[in-house]
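All chains, full assembly: derive it from the sequences and hints.
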Amino acid sequence: MKISKILLAAFITSAVSFIGCKPKDSTVQKNITEKFAATPECAGATATVNDGVATLTGEVKDDMCKSTTETTAKDVKGVKSVVNNLTVTPPAAPAAATASPENAMSQGVTDATKDFPTVTATVNNGEITLTGSIKRSDLTKLMQSLNTLHPSKINNQLTIK
Amino acid sequence: MSALQDKYKQLIDAANTSGASNLQVSEQGNVLHIDGEVPDGATKDKLWDIYNKIDPDYRTGDLALNVNVAAGAGTKAKVTTDSTNLNIRKGPGTDQPVVAKAAHNEIVTLLSKPNDQWWLIKTDSGVEGYAYAQYLSPQ
Chain A
1 MKISKILLAA FITSAVSFIG CKPKDSTVQK NITEKFAATP ECAGATATVN
51 DGVATLTGEV KDDMCKSTTE TTAKDVKGVK SVVNNLTVTP PAAPAAATAS
101 PENAMSQGVT DATKDFPTVT ATVNNGEITL TGSIKRSDLT KLMQSLNTLH
151 PSKINNQLTI K
Chain B
1 MSALQDKYKQ LIDAANTSGA SNLQVSEQGN VLHIDGEVPD GATKDKLWDI
51 YNKIDPDYRT GDLALNVNVA AGAGTKAKVT TDSTNLNIRK GPGTDQPVVA
101 KAAHNEIVTL LSKPNDQWWL IKTDSGVEGY AYAQYLSPQ
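Line by line, the protein sequences are chains A and B.
Per the working numbering, the first sequence runs over residues 1 to 161.
Per the working numbering, the second sequence runs over residues 1 to 139.
What the hints contain is simulated information worked out from the structure, not anything from laboratory work.
Just so we're clear, the structure is a prediction, and the values are computed from it rather than from any experiment.
All C-beta atoms, glycine included, are put in the ideal place defined by N, C-alpha and C.
Where hints are given, some of them may not hold.
Cβ-Cβ distance ranges computed for the label pairs, FRET-style [as the list claims (entries may be wrong)]:
hint, chain 1, residue 1, chain 2, residue 2, range
1, B, Gly74, A, His150, 49 to 59 Å
2, B, Glu27, A, Thr55, 47 to 57 Å
3, B, Ala3, A, Thr39, 24 to 34 Å
4, B, Asp13, A, Ser137, 22 to 32 Å
5, A, Asn124, B, Arg59, 17 to 27 Å
6, B, Asp13, A, Thr55, 25 to 35 Å
7, B, Ser2, A, Thr39, 47 to 57 Å
8, B, Leu23, A, Arg136, 21 to 31 Å
9, B, Val99, A, His150, 47 to 57 Å
10, A, Glu41, B, Gln139, 45 to 55 Å
11, A, Thr33, B, His104, 25 to 35 Å
Pasting the structure below:
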């Protein structure tokens, strides 16, 4: 009786410590996201982790980024395998074909957001919509820059940190 | 006075008394547009401070404030990046090749303003090219 109790206790202890050794999916996902944030030149990838399988989605600028992002995710502790569903941004159309006012504004918006990689801006009918995140100290700078493009409206949906 | 002009009255009044030139206040599709040229960067910052106080973090999207510092050809401008060098490019756009860099706090000469976003400048070492106007403060 006593021995079986001790054995049971030992079994529970080992079972608990075994579960404890395996990083939780949410922790692994957080660690991958942090690794991605450290390589802003390959921004655009998002990882979701399920039972140690990391699925990558989003759009990155080139094939190089697609493969380095996969390697980055593989190297994170707790990742068993990686499903790489990343897409690569198609190359920009030649400048000659993009001379409309809408495209001129898009180019201007690209220029204005270049120094703020966490900001995504889209142009539609002369309206600029901002999503993503920005530091409060950078917000005025960005807004000043965008206002020089004469937008009809700016929809600021940024998360401010 | 419209509701929008009423909301931004303090800003319009400040712009009117700031010494701004070519000041235009208009409304298009429920957005108030204020355009003009102000004498210096401090005035521009002051107007943006008032805007941010009336509409914190510029959330409403009912104002387009485009006030820029008046500066003609030949004006000296200081490179006011946070700390880094400023790219000088072959053409007006970040897709254009970088031909040189101007150092933080370097003084350059304004040659022309093709638009409010990109200015054609010349460095003291004689390099000409386009730089992002946001990082240039006319002296």
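Going down the list of hints, with the structure as the test:
1. B:Gly74 - A:His150: 49 to 59 Å: violated, 26 Å
2. B:Glu27 - A:Thr55: 47 to 57 Å: Since the Cβ atoms of Glu27 (chain B) and Thr55 (chain A) sit about 48 Å apart, the hinted range of 47 to 57 Å holds.
3. B:Ala3 - A:Thr39: 24 to 34 Å: Given range 24 to 34 Å: violated, Cβ gap about 47 Å.
4. B:Asp13 - A:Ser137: 22 to 32 Å: holds, 27 Å
5. A:Asn124 - B:Arg59: 17 to 27 Å: At 19 Å between Cβs, range holds.
6. B:Asp13 - A:Thr55: 25 to 35 Å: Hint violated: Cβ distance 55 Å, outside 25 to 35 Å.
7. B:Ser2 - A:Thr39: 47 to 57 Å: holds, 49 Å
8. B:Leu23 - A:Arg136: 21 to 31 Å: holds, 28 Å
9. B:Val99 - A:His150: 47 to 57 Å: violated, 28 Å
10. A:Glu41 - B:Gln139: 45 to 55 Å: For Gln139 (chain B) against Glu41 (chain A), whose Cβ atoms are near 35 Å apart, the range 45 to 55 Å is violated.
11. A:Thr33 - B:His104: 25 to 35 Å: At 32 Å between Cβs, range holds.
Checked against the numbered hints listed earlier, the structure breaks hints 1, 3, 6, 9 and 10; every other hint is satisfied.
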